[in-house]
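Given next are the chains, with one letter for each unit.
Protein chains: 2
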Amino acid sequence: MSISFQIDATQNAARLGRLATPHGVVETPVFMPVGTVASVKGVSQDILEELGAQILLGNTYHLYLRPGVEQVRQLGGLHRFMSWPRAILTDSGGFQVFSLNELRKVTEAGVTFRSHLDGSSHFFTPESSMEAQIGLGADVIMAFDECTEHPADRERVQQSMEMTLRWAARSKEYFKAHKREVPWARTAEVCPAGHVGTSVPGQTQGLFGIVQGGMDPALRKESAERTIEIGFAGYAIGGLSVGEPRALTREVVEFTLEHLPSDKPRYLMGVGTPEEIVEYAGLGVDMMDCVLPTRAARHGLLFTSEGRVSIKQKRYAGDQEPLDPKCGCRVCQRYSRAYLRHLYAANEVLAQVLNSIHNLSFYLDTMRAVRHSIALGNKAQFFPTEHSRAR
Amino acid sequence: MSISFQIDATQNAARLGRLATPHGVVETPVFMPVGTVASVKGVSQDILEELGAQILLGNTYHLYLRPGVEQVRQLGGLHRFMSWPRAILTDSGGFQVFSLNELRKVTEAGVTFRSHLDGSSHFFTPESSMEAQIGLGADVIMAFDECTEHPADRERVQQSMEMTLRWAARSKEYFKAHKREVPWARTAEVCPAGHVGTSVPGQTQGLFGIVQGGMDPALRKESAERTIEIGFAGYAIGGLSVGEPRALTREVVEFTLEHLPSDKPRYLMGVGTPEEIVEYAGLGVDMMDCVLPTRAARHGLLFTSEGRVSIKQKRYAGDQEPLDPKCGCRVCQRYSRAYLRHLYAANEVLAQVLNSIHNLSFYLDTMRAVRHSIALGNKAQFFPTEHSRAR
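From first to last, the protein sequence lines are chains X and E.
If you read the first sequence in our numbering, its first letter stands for residue 8, the second for the next number, and so on.
If you read the second sequence in our numbering, its first letter stands for residue 8, the second for the next number, and so on.
Hints are computed from structural coordinates only; laboratory data are not their basis.
A couple of the hints might just be wrong.
Short derived list, chain X residues pointing at chain E, Cβ under 10 Å [unchecked claim]: (1) Val44; (2) Pro158; (3) Arg163; (4) Gln166; (5) Arg322; (6) Ala324; (7) Ser343; (8) His349; (9) Leu361.
Remember, it's a predicted structure, so these values are computed and weren't measured experimentally.
Note that beta-carbon positions come from the ideal geometry of N, C-alpha and C, so glycine has one too.
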């Protein structure tokens with residue numbers, strides 16, 4: 008078996024589910040912290056465990072360049088390499104390559120791109136993306152897609168969608184033929200200190216398809232239906248957060264979700280703010296990821312139950328209160344706003360560490376509360392207006 | 008009372024002691040991690056506690072510039088500001104100002120210097136250094152001294168030493184008149200989350216004198232004797248690690264220690280490597296501090312029971328072993344050399360965090376073992392040659 012998904016409760020469109028993976032069960036709706044190159048920037052794995060992170064996202068493009076897929080594969084896969092015993096999802100590299108703009112060239116065969124690190128030339132295809140993701144050994148891996156730029160005319164969006172569908176079929180075909188090559192499928196694995204649990208031999212990864220189709224309802228519908236026809240363990244909504252207004256993002260998510268099967272996990276890629284992840288969970292999204300909590304932390308922007316706090320502001324220099332009085336994270340339990348403000352102003356690396364821990368805690372607590380609420384059948388409380396109030 | 012010191016055991020010149028401070032007892036010989044601006048770079052306070060750090064060093068010069076003494080004083084002093092319940096020592100600012108070279112001007116009254124941050128002009132005197140250190144509220148504070156440059160001729164060294172003696176007397180006088188102004192002397196203090204224990208009202212800081220005298224045995228002797236005459240709670244050996252050869256450092260330490268009272272703590276400022284701190288503890292030094300463990304960590308240089316490891320080397324890219332198989336720190340218990348090498352190569356901030364934790368653990372474990380050894384009466388094992396073997 009690979010992964011399986013079951014729904015335990017629903018509340019309107021929202022679903023409380025369990026995604027069983029070779030590295031543990033993930034309760035959904037879930038927020039996945041982004042660990043670009045096998046590290047959630049500034050936060051150690053034991054703290055991620057303490058925060059209750061159930062699944063991390065790794066970026067295939069970055070890991071492919073450094074330390075390299077073969078290196079990670081030889082070391083037993085990502086879990087063992089980074090000593091993370093819980094679930095991992097990798098993207099296909101398509102979105103990252105898309106972001107390179109001038110450094111890439113797309114053909115039917117695949118994408119030629121130049122490394123942002125050293126300018127060296129590389130070629131990604133659906134097959135090589137699968138090969139890389141199998142070698143990295145995440146629990147959930149993604150079909151190789153083209154993220155259509157925005158704005159784009161209908162013809163361009165349709166052509167791009169068609170190619171993504173052909174790439175999806177090629178991704179699935181390669182995966183079917185090679186899925187037994189995942190590093191942990193063959194042997195029980197234990198990291199040096201025993202932190203990574205054993206995997207049951209014979210288990211494989213779960214492959215998700217990605218729905219494209221730009222901002223066009225008909226194309227989104229077609230993309231969804233034809234992706235489902237190919238058949239995947241779960242379905243992602245791609246091609247969003249590419250510069251379109253937020254209201255449009257929501258609209259596209261809403262009409263795309265209508266065409267996704269209710270018995271499979273639905274993954275909305277690359278969102279969002281704390282309010283957005285609550286909103287999308289309410290619409291029936293099961294999985295989300297975003298760099299926002301860690302990236303905002305590096306810029307001193309902190310999410311709290313009382314709204315956003317820009318900790319760099321001088322007004323916090325003498326503020327003895329915890330960052331978020333309602334937060335139980337180790338940062339709010341120990342340090343004052345004055346100290347956090349000082350660390351940021353003094354450009355201390357501990358600022359990034361503590362800010363990231365708190366923001367991730369806020370995101371993970373938020374999703375935990377959403378799940379609790381769906382279980383209780385009371386989703387309404389998770390559309391607070393407070394969050395959006397800037398301080 | 009301020010601080011007190013008692014010796015529990017000796018082994019040749021080495022002493023096992025206990026320095027009682029208003030924020031807990033410090034077992035000596037002790038290594039003090041450096042928390043320049045109220046943060047040991049990259050390492051959070053709970054981890055420092057876990058590592059067994061008993062006392063941290065803060066830099067008055069840096070704290071004076073940012074966040075400012077008055078700010079820290081209003082927030083209850085350094086302990087409360089940074090949520091560190093254990094002991095703290097601050098330097099006088101003299102050495103840091105000395106390091107500014109072109110940005111300073113020394114007169115009998117004090118030192119005019121320009122901030123390395125914004126070029127603004129400031130004036131430090133023995134009195135203002137005491138005022139700053141009382142405001143910051145460390146448990147142990149240092150007299151304001153001039154760190155004599157090296158090399159310097161005898162006349163220059165003598166003149167500098169004489170001025171340091173006059174500054175020591177002025178420091179003590181100011182301290183005597185103002186020691187009750189320490190922020191925690193007046194009230195019981197508890198940080199927001201209760202991490203900082205109460206201080207007994209009426210307690211004061213301990214003021215240490217600093218012996219100068221360059222590399223000249225006679226001047227060191229004279230400096231020691233006249234500093235002792237002024238009378239301090241402990242004595243530091245300053246003016247070393249200023250570019251002189253290591254053998255000379257050791258020689259100066261050895262003949263200076265002969266002239267320091269055996270019933271007071273002896274603090275050797277700014278050393279050293281793991282081998283050196285063991286060696287100096289063997290000579291009878293009770294307290295040491297150095298940025299080396301954290302600075303080296305940032306450059307990927309790691310201290311282990313098997314010697315130094317330059318983790319950036321490609322040879323570690325596939326090395327599944329823990330960094331130091333004999334180390335019990337959370338880094339060695341969880342991560343492989345391959346992962347640490349990757350984090351460093353990928354310029355991930357977690358590299359600095361984990362490397363710093365391990366190096367501090369190695370230093371603190373080393374001193375713990377030294378203390379254990381003195382207690383057992385077997386010091387010899389702490390002069391290993393292994394440490395100096397580069398890998």
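Now the hints, each set against the structure:
Restraint check, Val44 of chain X versus chain E: the minimum CB separation of about 5 Å is within 10 Å; hint holds. For Pro158 of chain X, the interface hint is violated, the least distance from its beta-carbon to any beta-carbon of chain E being 35 Å, above 10 Å. Using the Cβ-Cβ criterion of 10 Å, the hint placing Arg163 of chain X at the interface with chain E is not satisfied: the shortest such distance is roughly 35 Å. Of the supplied interface hints, the one on Gln166 of chain X is violated, with its beta-carbon coming no nearer than about 36 Å to a beta-carbon of chain E, more than 10 Å.
A cut of 10 Å between beta carbons decides the hint on Arg322 of chain X: the least distance to chain E is about 13 Å, and the hint is violated. Taking 10 Å as the C-beta cut-off, the interface hint given for Ala324 of chain X holds, the closest approach to chain E being about 6 Å. For Ser343 of chain X, the interface hint holds, the least distance from its beta-carbon to any beta-carbon of chain E being 6 Å, beneath 10 Å. Checking His349 of chain X against chain E: minimum C-beta separation of about 5 Å stays under 10 Å; hint holds.
Given hint, Leu361 of chain X at the interface with chain E, holds; its Cβ is 7 Å from that chain's nearest Cβ, closer than 10 Å.
When held up to the earlier numbered hints, the structure conflicts with 2, 3, 4 and 5 and fits the remainder.
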